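Engineer: Sequence:
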Amino acid sequence: MADVRTSQVIKASPEALYRAFMDPAVLVEWLPPAQMTGVIHAFDARVGGGYRMSLYYPPDERTFRGKTAEREDRVDVRFVDLVPPRRIVEAVTFDSPDPAFAGEMTLVVTFDDAPGGTEVSFVASNLPPGVRPQDHDDGARLSLAQLARRFE
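So for the sequence shown, this note's numbering puts the first residue at 53; every next one is plus one.
Simulated from the structure, these hints should not be mistaken for laboratory data. Since the model is a prediction, treat every value here as computed from it, not as a measurement. Treat each hint with caution, since some may be false.
The calculated SDA-like cross-link candidates involving lysine to any residue, where the alpha carbons are at most 20 Å apart (straight line), are [claimed, not checked]:
#1 Lys63 x Gly168
#2 Lys119 x Arg139
#3 Lys63 x Ala200
#4 Lys119 x Ala154
#5 Lys119 x Asp147
#6 Lys63 x Gln198
#7 Lys63 x Arg139
#8 Lys63 x Ser173
#9 Lys63 x Ser177
#10 Lys63 x Pro136
#11 Lys119 x Ser173
#12 Lys119 x Asp150
#13 Lys119 x Met88
Take these sequences, add in the hints, and give me the full structure.
Structural biologist: So, in structure tokens, the structure goes:
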């Protein structure tokens, strides 16, 4: 399956944006897409560390169902590489009994200087077969838009 690349220029420095990924209290505010909410169960900001997070669908959601439970997607994220303030490489595993969501997805986040701010890019590879590339891209776009609003 091809990589899924999503990016947005945000009016902030690479340092400020990198911090928004490394502070669990901030991450949980912008990462859950759309009307989803999140809870970070554990966070260890070092290579080999990572975080465990649950994303919850709103009660009125009718289109999507959770991968872990009816309204929950839980992920385990391991930090493979951290290059402040330029790059984060994550290995992402969905906590799901469904084999369609098995395997380890790689997410590379980069922070590049751009006119008007910093281009934040997500490149996701090895998506599990149960994750449609368009759905991943849509969710990533919503998350990046929420991150951008923090810096308006």
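Engineer: Of the numbered hints stated earlier in the document, which are not met by this structure?
Structural biologist: 2, 9 and 11
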